[in-house]
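Chemist: Chains A and B, in that order, are what the protein sequence lines are. Taking full-length UniProt numbering, I'd label the letters of the first sequence as residues 1 to 787. Taking full-length UniProt numbering, I'd label the letters of the second sequence as residues 1 to 483.
Simulated from the structure, these hints should not be mistaken for laboratory data. What you are looking at is a predicted structure, and each value in this text was computed from that prediction instead of being measured. Honestly, I wouldn't trust all of these hints.
[As the list claims (entries may be wrong)] Capping the alpha-carbon separation at 16 angstroms, the derived lysine to aspartate or glutamate pairs in EDC-like fashion look like this:
(1) A:Lys315 <-> B:Asp250
(2) A:Lys325 <-> B:Glu301
(3) A:Lys315 <-> B:Glu301
(4) B:Lys249 <-> B:Asp202
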Amino acid sequence: MEEFDSISEGCFLVMPKSARGRPSLKKRKRSYKAINATNSRSSKMKLGDAGFQRLFDGDEPEASMQLRSDSYDNSWRQMKKVLDDVLIETNQSTFDQIEEFVTNAHIPTYASTGTMSLPFHEIPTALVFAGINTPDHDNLFTQIASRLIGSSAQSDMSTPNYVALLQSRDCSNLRITMRNMIEQFLAADVDYDHSDEDVEEEENEDAMELGEDADGSKKPANDQFNLSTMRGRKSRLPNYDMQILDGWYRHVVEKQSNSFSLPNLVVMIQDFESFDPTILEDLFEICSEYRSRLPIVLLIGIATSSNALHQSLSKSALSLLRTEKFWLQQSDVWFNKVIDELFIKPTQSIKLGPRPYKFLLDHFYLFDFSIGSVMASLQFTLMHHYYANPLSILSPMNDTPVSKEMLVKMQEDGLLTADHATHIRMLRSFRTHIDDICEKDPNEALRLLDDDNYLMTEAVPRFLEDLNRHHMLSYAVFEIMTTIQACFPTFAGLRRSKRMLYLELLENEDGLANSEIVRWLVSLVRKMDLEALTGLLKSLSELLLDDNESDSSLWSEGVSDELDYKKKVVGWMERLGMEEVDDDQEEESLGDEVKKTKEEKLPDLDLGRQTKTAKRVKMYIIKKKGGEPVKVSNEIADWIQLIFSRYLGSFVAWPLHELVYYSNIKLHEKSFTPQPRASIQTALGQAQHYINCSCCSSKDVGSIQPTEQDTSILYKLYLECGRMINLYDWFVAFGCVIEREKGNKKVDENEVQARFIRSVAELQFLGFIKATQRKTDHVVRLTWSHT
Amino acid sequence: MNDMADHSAELKRRFPGRSDQIDTLLSLMGRPADPTVPSILIYGHSSSGKTSLVRDLLSTTIARKQWAYINCIERHTPRMMFEHAVNEWCSWSPSWDNQFTSIARIDNLNDFLCVLKEGVPLNQHSTEMIGDKETRYLVLDRAERLRDMGATILPALLRLSEISQRNICVILLSTIVYEKFRTKSGSYEPLVIRFPEYSKEDTLQILRRDFSEDGMDIEVEDKGTVHLNDDFFRSFSEVIYSIFFQNCKDLNELRHLVALLFPLFINPIRDGRAKTHETAKLFKLAQPYFAEATDKLYLREISSSEWAKRTSEMADAKTTTSHTVDASVIAAIRTNAKGDFDLPYYTKFLLIASYLASYNPPRFDVRYFAKVADEKKKKKRGIHKSASDKSGGKMRQQLLGPKAFPVERMLAIFYSIIDDKLDDAIDIPVQITSLTTLRLLLRTTNMDKLDGAKYKCNVSFDFIRGVARSVRFEIDKYLFDFI
Ligand SMILES: Nc1ncnc2c1ncn2[C@@H]1O[C@H](COP(=O)(O)OP(=O)(O)OP(=O)(O)O)[C@@H](O)[C@H]1O
Ligand SMILES: [Mg+2]
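Only chain A is shown next, with the shape it has when bound in the complex:
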């Protein structure tokens, strides 16, 4: 047993990581960075262009490859910007509140409203609830920190702040915590410098103190020596002494004596739950000791709830704090917005196909709520799309779909080759398209198949344009759908969130066209009464206004009559005798419209002439009759039935959708939910998959070939064993197999033993066996599988 116990013993190499670590590490760190730099340079040389390679077996033009690589950079930059912007936007108001809190923290306001002062000044503390995914907090807290620092730069009026951001991983004891905090504050001011002499001094002083701490006693022999060298010499305070901060602060305040508000010192504790509470208690106590001298503001990041605070801190520590609570948006708010921005809206970017989209949703909601992993997943998508798909040069770029001119230009520049055309023809969506039209329009089909030039410069832009329009229209109809759905708040059980509807739209063969929800909505609309109808029409026309602001062309260009949505809504409203939602605005936007579409002119003018009294009279009549609403609701129902089934079809129906939708789920799964155990088992059990050698590949999975890897042999023998494995038996069996390899000649016993031991150690390392005391010369088998 001992032989292999030692073999698999691991060791860990811990590299210095923090940039503001101890001064004594600086030199080492610099060389470490240099190493990094050189590393990356050499790897860049090898890979070139971030690892993009020429496809078509290397026949792809250099420029096309370059284009793919650039497009990737571009689109990722754009996407990243959306992701970041949404994150900032969702938390904007909380950030503002926190900033305000910090600014006002030390301005006595409520103290004066209360008639008595509190027995002591509590430390103003912001509790920031940031959601449970702690890795995401790095980003958020750096943002808060930079805002707090930044506010000083913007105007002279607001209080400037100094910020120290503490994370549990660099605060393992009080001393390190204090040093960390003080150094961060001081680092904000450039003119505080460590001279080299100090560095050395600190180093040996630290060592000494550690010794002192450990046993508290000292050797008398040393003392005489110390006496002569140390005594009488002035020495610098240790760098974790609060007095340094105090003195520095006095200095800062003196320097900026002109401004009358004093800067705050903000101490941010990012991950409260991971801190050792005793360290924090001491830290609070120290801060509170200096409360009259230093305007310290605490900012505590809490992932769970304020219970955590009450559970881990003692009452006396809690009573030092004057807490106020701030909630950052939960990450799912961010996620929903991102889905809206990136996928549901008709943006010109790569979209996710049904399975990657579902993967993203599931992963987020079922497992981790992690912003970071969503970002990684999306980046990976883009990367893979542009890296492996030669046709990605045809994917939308710079917010426009690839147009005809661009394609012509590309062809002239030699970016497009016959290979590209072939590739397009191999796309499944293209083939179905050909199948569809070959009866109706055999000439066109033939041309598409034969004429490269026609295909690339005529057909492809047309397809892409069609696809793009499909996006626009289906988005608009999708919005109508969600608006209508929102009008039935009581049917909570049937309602679906936007993201789930979108999933359905992607997943179903014919989109949402004939789905249950459409049938449900249509039947509900049919049954609407006058009041509900007015509400519905109101929200529809509001939607219309929004649309007009953002993208007025969308509806006016609407090719078909069914979609002449505006006219219809206005007509219905009128028939119901409703006042316009907002006369002026409507009129104005209608005015725009008039210029564009002539057909609309007449009804608009009619509407203008209509007087309000007339409307009222009409309304009265309608109420009396009661027939009109039923008619209108039926019409609306018919209309939505029509547009839903026409425009909410699946994207799969459109040729060349592969250029926009990323559907490769296999790679995604493999990269983001790896299954290490399964791959190890295959690697050992069917090594031929991994080592590509012909001799080992046997049809019979269970059989053991002597030519195989030692560890594989041992593993296969292992599979035949019970819970306890007798090492000697195992060894003998192993020896027999090895012998066969050598043509049944006797093999050197020592060699067998050595190989055996090495393989056993490997299996132990991989976690297949474990040493045991229960039975001598046995090991315990740890894995069981059904193969």
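Given the structure of chain A, go ahead and fit chain B with the ligands onto it with the hints provided.
Modeler: For chain B with the ligands alone, coordinates are given in the frame of chain A:
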């Protein structure tokens, strides 16, 4: 001597209820050059006035450089402690201008003794001798922390004057009794002074000091100002005392409560609902706040600023009927419960599985979680059994707290309680780790032991019930012997 009497009288006036202790201390100190006892331990409850009294006393009776004050939490290493003491004795303060240097470098107790023996050279010509004539004092607040600084420091400090041959008196301040300081090897015993709890009369006296002496004027709606005098405040603080003294002996807490409740108490006077002399009515009006304050304020579930903000918001939004105001204030105070957090779906199940593993005995796992055909029969037995157990032995796990469980067991439960089949995804271990960082799970084995890690579930039953409800999991059915 006359001077001394003045000081003592002044101090006694400032610290009601501490005259005996002041006398004792002053007589122990004697005149500046008198030898003193080597060490004094002052102990008493938190906020019994140890720190403030000793500092006040020293600063009024002797020169600043004769005494040094050290908070042992802040100066947590021997070096910081000694250097700071010597700095104070030499009226030296490290600052930006002197590059944050101490007057002398003292790394350990030995250096400290040397410095005491030889004095500190201030410049070429003069050396500050410490404790050669007048007594120097070394005040160590939070002295219980000295015990963590190494075994030799505390015994040496207790007899510092003897070791150093200097006139030095060490005063230790602590909340714990001397018995807890004793070391195995035995050491010199300090003179112990206890700061006892205050009597009711003393407490009221101290509370009154927060109230300005010549009363205060408050503005009353449409009737100018009204004067509140001492007696008014006294009757208020008496009630506060009688309500809270049962569970709160801490003076600071009482003052905290007084300061936050007083504005509410006088609110009715402000808006003319009551007169100054109608104390009974005032108390009736303020009663709901007092009740709320007992648990929420005292436990700091609401911080002072939140309290102040909410109550002043309410005061601003003046409503005519008194009843609704109070009710809405209370409601506003109670809405603190917001902000429970959400967990990902499977993580919730992981937590539930951990809870079950922590509170169910392992031998019943098969009964609860095995997915076998005769599930029905087993369930029945389970219910029957737990019904008979309901009376509850003393050893119920629910009462004993969570038990540690191996991860494998928890995972087995996890896979049995989720409906869908999960590929063994990499995310599960990641989520276990993240639950640990959130302190919802506690790892009970060491981090360096990778094998066979054990965890405990660190959430309350109410919490887990909430989680279970959110995923429609009936946790009650799976818990053994729970009430
Ligand atoms: N007898 C007293 N007279 C007046 N004020 C008092 C008296 N006792 C305590 N206080 C006040 O109570 C507050 C707390 O006192 P102090 O900080 O000295 O208590 P402590 O015993 O040091 O508490 P801890 O053990 O928590 O440090 C101080 O503001 C002090 O002025
Ligand atoms: Mg104290």
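Chemist: To test your reading of the hints: which numbers does this structure violate?
Modeler: The structure breaks none of the hints.
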